[in-house]
Structures are given as structure tokens and as C-alpha cells.
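If you read the sequences in order, they're chains A and B. Each residue of the first sequence is one higher than the one before, counting from 3 in my numbering. Each residue of the second sequence is one higher than the one before, counting from 25 in my numbering.
Simulated from the structure, these hints should not be mistaken for laboratory data. Some hints could be false.
[As the list claims (entries may be wrong)] Here are some, though not all, of the chain A residues that point toward chain B, as calculated from beta-carbon distances under 10 Å:
1) R22
2) A28
3) D58
4) E60
5) G62
6) S63
7) C68
8) G139
9) I140
10) A143
11) S155
12) I156
13) G158
14) P162
[Unchecked claim] Pairs of lysine-lysine residues, derived as DSS-like cross-links and limited to a Cα-Cα distance of at most 27 Å, are as follows:
15) K86(A) <-> K320(B)
16) K346(B) <-> K4(A)
17) K166(A) <-> K320(B)
18) K53(B) <-> K161(A)
19) K53(B) <-> K160(A)
20) K4(A) <-> K320(B)
[As the list claims (entries may be wrong)] Here are some of the chain B residues that sit facing chain A, going by a computed Cβ distance under 7 Å:
21) R309
22) S358
23) G383
24) V384
25) E389
C-beta: ideal position from N, C-alpha, C; glycine also.
Spelled out, the chains give:
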Amino acid sequence: MKNEVLIAGFGGQGILLMGRLLAEAAMKDGYHATWFPSYGPEMRGGTANCTTIFSDEEIGSPIAACYDIVIAMNQPSLERFGPKVRPGGHLLVNSSMVPIKCERRDIQCAYVPAVTIAGQMAQERVANVVMLGSLLGICPAPILSAYEEAIRSIIGVKKPELVKINLDALAAGRAAVEEQLCAPV
Amino acid sequence: MSATLEHPGAKNVAAESEPRGTEQVAGTKRLVKGNEALALGAVHGGLEAFFGYPITPQNEIPEILSGLLPSLGRVFLQAESEVASINMVYGASAAGHRTMTSSSSPGISLMMEGLSYIAGARLPCVIINVMRGGPGLGNIAPSQADYFQACKGGGHGDFHSLVLAPWNVQEMFELPALAFDLADRYRTPVFILADAVLGSMLEPAVVPDQIPPLRKVSKEWATVGRGRRAVKNVVNSLYLDPEVLSAHNETLQSTYREARREIRYDTRFTDDAEILLVAFGIAARVGLSAVRLLRKQGMRIGLLRPITLFPFPSDAIKHLAKQVRQTFVFELNSGQMVEDVRLAVNGISPVDFYGRMGGVLPGPEELAEQIRSRIGRGDSL
């Protein structure tokens with residue numbers, strides 16, 4: 003099993019943290035994992051993306067040309083990386099920020115209104131963790147408890163008061179995708 | 025070179041460093057950034073004094089050391105330039121300390137004069153180069169274009185540094201300690217060649233929970249006061265008498281020959297290989313992925329990854345060259361290590377090269393396609 007995941011959006015959306023949480027969760031679940039960041043010179047408002055790879059065998063290249071899963075947090079990211087999802091792969095779209103749909107029929111797409119969901123929790127900035135939770139709805143690994151542990155160790159170290167809301171955001175993202183995938187077309 | 029083989033210089037009197045303890049130390053597996061691993065690895069390896077000047081993409085190294093070293097009562101100093109840094113390293117090393125600098129390609133170029141003096145004065149030190157695209161200011165993307173600079177001397181005069189090339193974050197943590205041991209054992213500068221990807225990526229690595237206490241390595245030659253010694257120690261690279269300088273050079277060359285016992289390399293899937301891929305550092309990571317892709321398509325291909333770039337694992341490559349039909353070399357440069365591979369293979373079987381420059385890191389599919397399309401084509405340089 004190997005999953006190459008690309009997460010992309012604007013600087014400031016918590017893109018790099020999402021990838022880091024995913025890598026941490028994968029490691030805690032016993033997988034090999036790598037995380038590689040790529041961002042422009044400006045940190046906020048510029049483009050940001052990162053590649054997280056997890057695998058049950060030693061990982062070669064930490065960078066990939068196409069991906070099993072792409073999480074697009076804004077429209078430019080969908081346009082740039084949507085075509086790079088492998089056939090049969092998954093595309094997760096933050097539909098709060100992306101008004102368009104992906105036209106590909108050879109991949110599975112899910113649209114998660116992450117900012118709306120996060121807003122209902124009165125904390126819009128957890129939209130990134132809502133999107134991360136949506137991964138749980140499509141990918142069996144890493145397991146939920148590994149994500150939870152990752153949130154506790156990475157976010158909890160500096161801001162223990164934010165652990166609970168992030169755990170809730172994770173669950174909300176998962177529920178949103180599961181609901182969508184189960185819904186009759 | 026033939027002269028040095030016929031008339032080996034004075035016996036190398038490198039100090040033996042104490043063997044590293046093999047006892048298990050408690051460690052934690054966690055996600056570590058490559059640059060962080062280099063910094064922590066150096067401190068765990070006994071780094072006493074760091075001198076450096078900032079440059080991307082290695083700035084986490086001085087950032088971390090600027091907090092950690094003073095808290096341990098050791099020295100961190102941001103110098104006014106790279107030229108100053110390397111000469112401070114010269115001084116600290118002459119005084120018998122484990123010392124290091126880190127930089128990236130353009131900054132390393134500025135250090136070349138000092139490096140030649142360090143090599144000439146037979147001073148041990150560690151130099152980390154987190155390579156970026158060049159020449160000139162280039163860019164801040166990953167590159168391996170400083171292979172020649174690191175492995176073939178770099179500064180003026182007949183000298184070498186020993187050169188280590190990590191390929192994952194765990195090695196980024198482990199190799200600095202080895203580098204210090206090798207530097208002290210052979211009294212040479214030791215390079216660690218990483219790149220912008222290895223420096224910026226996170227990967228699980230086991231880092232011991234406790235920083236070990238400094239182990240003082242005895243250095244008979246260090247200029248720390250004459251004490252009760254019969255003769256005074258002098259650290260210098262000036263030898264005006266040609267015969268004396270010649271003998272000094274013979275000593276240096278015999279050191280490099282002796283260091284051949286430190287050769288380290290790693291192989292994957294080479295047992296039944298008909299095709300051999302040689303790559304180091306991050307290129308070897310892409311190489312491993314390409315090898316797996318090609319194996320799935322039925323190609324019997326294996327990977328050899330030099331860990332010591334100098335001394336170079338020539339014998340291992342020569343041995344495999346007899347087994348395989350063809351050897352490919354992949355580097356993030358225009359073809360530098362491939363020259364050493366060709367010298368090792370020496371015409372036994374064809375050697376082909378693929379490289380990308382300017383900070384481009386191709387994916388495994390691109391490399392696999394290049395290898396597939398070149399099978400049977402032979403030497404193309």
C-alpha cells in the first residue's frame with residue numbers, strides 16, 4: 003500500500019500543517035512517511051502545497067508527478083492539480099472556496115464545504131482539519147486514532163485548548179464525506 | 025599520482041578517536057526535518073563550536089544550533105561572512121575542538137580558500153553543504169552540482185575532503201557524528217553533501233532523548249599550550265622548501281589512501297541485476313522508486329548508492345559492472361559522479377548518464393522512462 007497525497011491552497015490556510023498531521027498520523031499508524039513542502043516567497047496569500055507520502059515499504063522519492071489523492075483548498079489548486087490525480091484516485095475539494103466542479107469521470111470527487119462546517123463550530127480556522135477529516139471518509143489508512151494522536155501531539159503541545167475543537171473538526175469532515183459518498187446520485 | 029604510489033609519504037599519524045559505544049540509548053521516533061536532523065546529529069556527535077553565515081536552504085541548522093549550543097555551554101557564532109566562518113573553523117580546529125560550519129552552494133564557494141588551508145594544515149572539521157541550484161546565485165531548489173567541488177578538492181592544491189552523502193533524515197542525523205570521527209581519525213575536512221529537498225523534508229527518525237556528554241578526543245598536534253611536551257606544536261600550511269612540501273603532500277596522499285577503508289555504500293535489488301543504477305543522495309531516492317517501477321515491468325535492475333563519495337566505492341561498482349549488461353548514472357547535475365563511475369567500470373560494460381540541472385527534481389516515472397529508452401544504447405557522453 004502506498005498513497006501519494008498532495009494538499010494545495012493559499013498560504014495561511016494551514017496547508018503545511020495538514021500535510022504534517024497526515025504524515026504524523028501515518029507514522030503513528032506504523033507506516034513509512036515523508037512530507038515535503040513547497041511554497042512561494044510570501045507566506046500568507048501566496049500558493050502553498052505539500053506532498054505527504056505514506057507506504058508500508060521504504061519510500062523512495064518524496065516528490066511525485068501524479069497523486070493518489072489531491073486535496074484542493076482553493077480554485078487555482080483544483081485547476082493545477084486536479085489533472086494530476088491518478089485514474090481511480092480521489093479528489094477532495096473545499097467547496098466553500100471552489101465554486102466549480104471537476105469534470106473528470108475517471109476519479110472519485112468529493113466536495114466538502116469546509117469553511118461552512120468550521121463556521122458552524124464557531125472556529126473557521128479549523129477548516130483545514132475538516133478537510134483532513136474528509137480523508138478518513140475515503141482512505142482506510144491511517145486509522146482515526148492515529149489522526150487523533152497526531153492532533154494531540156502536534157497541536158496539543160503548544161495549544162492544548164485547541165485539541166478538542168480540532169478533534170471535532172476531524173469527525174465533522176469525515177461525516178461530510180461519508181454522507182456524500184453514500185447519498186444516491 | 026603514480027609518484028605517490030611508488031613513494032608513499034611519511035606514515036600517517038592520525039589520532040584514533042575512541043570507538044563509539046554500541047550500548048542502546050533510549051530514543052524517540054518522531055518526524056524530523058532534514059536540516060534539524062543535521063543540526064541535532066552534529067550536537068550528538070560532539071560539536072563544540074559552530075561558525076556560520078545564513079543562506080537558504082539550510083537556515084534551520086544555524087537557527088537550531090543558535091539556541092542549543094549556548095544552552096550546553098558550547099559555542100555558536102554567526103560570523104560576518106562565509107570567509108570569516110571557515111577561518112574561525114580553522115582556529116577552533118587548531119585548538120583541538122570539534123568544529124563545524126554549514127552553508128549552501130554559493131556560500132561554500134566563498135569558503136574554498138580557507139578549506140585549502142585547513143586541508144594543508146591537516147585540521148579536522150565538518151562542513152555541511154545543503155546544495156542548491158547553480159552556478160552563481162542560481163536558485164534555492166535541490167541540486168547535486170557541487171559534487172566536483174566537494175570530492176575533487178575544491179580549493180587550490182592537491183587535497184581532498186572526505187565526503188558523505190545521506191539519503192534520508194535518519195542518515196542526516198547519523199552522518200554528522202561519523203563525519204566528526206572520520207575528521208579526527210584522518211585529520212581532514214569532511215563534507216556532508218545534502219540538498220534542498222533532504223534539508224526541507226520531514227521523515228520519521230529515531231533521535232536519542234539525551235544529548236551525550238562531550239567525549240574529549242586526544243589530539244597530540246593541537247595548539248593548546250606546550251605543557252610538558254618536548255616540542256611545540258605548530259599548525260601551518262606554509263612549507264617553503266619544495267622537498268619538505270613534497271613530503272607533506274605525500275603524507276596527505278597516504279591519508280587519502282588509508283581512508284579507503286572507510287568506503288560505505290548501499291545496494292538494493294542488485295543480486296540478480298542485469299542493469300545497474302548508480303545514484304547518491306536524493307537522486308538515489310528517486311532512483312529507488314524508478315527501480316521498483318521497472319522491476320514491476322520485468323526489468324532486472326538494481327541500485328547502488330555511494331554513501332562515501334570520497335573515497336568512492338570503485339571496487340563495488342567494478343564488481344557489479346562485470347555482472348550487469350549496462351550501468352546508468354542519475355544525478356541532479358550535468359554528469360559529475362558519472363566520471364568516477366566510468367573510471368571504476370573502466371570499459372567493462374557500457375555506462376550511460378541521465379541528469380537534470382537547475383534545481384529540477386524529476387519524478388520516478390521520468391527516470392524510469394529514460395532508463396527504458398536507453399537500454400542497449402551504450403555510452404552516450
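Against the structure, the hints:
no. : hint                : result
1   : R22                 : holds, 7 Å
2   : A28                 : holds, 9 Å
3   : D58                 : violated, 13 Å
4   : E60                 : holds, 7 Å
5   : G62                 : holds, 3 Å
6   : S63                 : holds, 4 Å
7   : C68                 : holds, 8 Å
8   : G139                : violated, 24 Å
9   : I140                : violated, 23 Å
10  : A143                : violated, 15 Å
11  : S155                : holds, 9 Å
12  : I156                : holds, 9 Å
13  : G158                : violated, 14 Å
14  : P162                : violated, 19 Å
15  : K86(A) <-> K320(B)  : holds, 22 Å
16  : K346(B) <-> K4(A)   : violated, 34 Å
17  : K166(A) <-> K320(B) : violated, 45 Å
18  : K53(B) <-> K161(A)  : holds, 22 Å
19  : K53(B) <-> K160(A)  : holds, 20 Å
20  : K4(A) <-> K320(B)   : holds, 15 Å
21  : R309                : holds, 5 Å
22  : S358                : violated, 21 Å
23  : G383                : violated, 12 Å
24  : V384                : violated, 11 Å
25  : E389                : holds, 6 Å
Of the numbered hints listed earlier, those contradicted by the structure are 3, 8, 9, 10, 13, 14, 16, 17, 22, 23 and 24.
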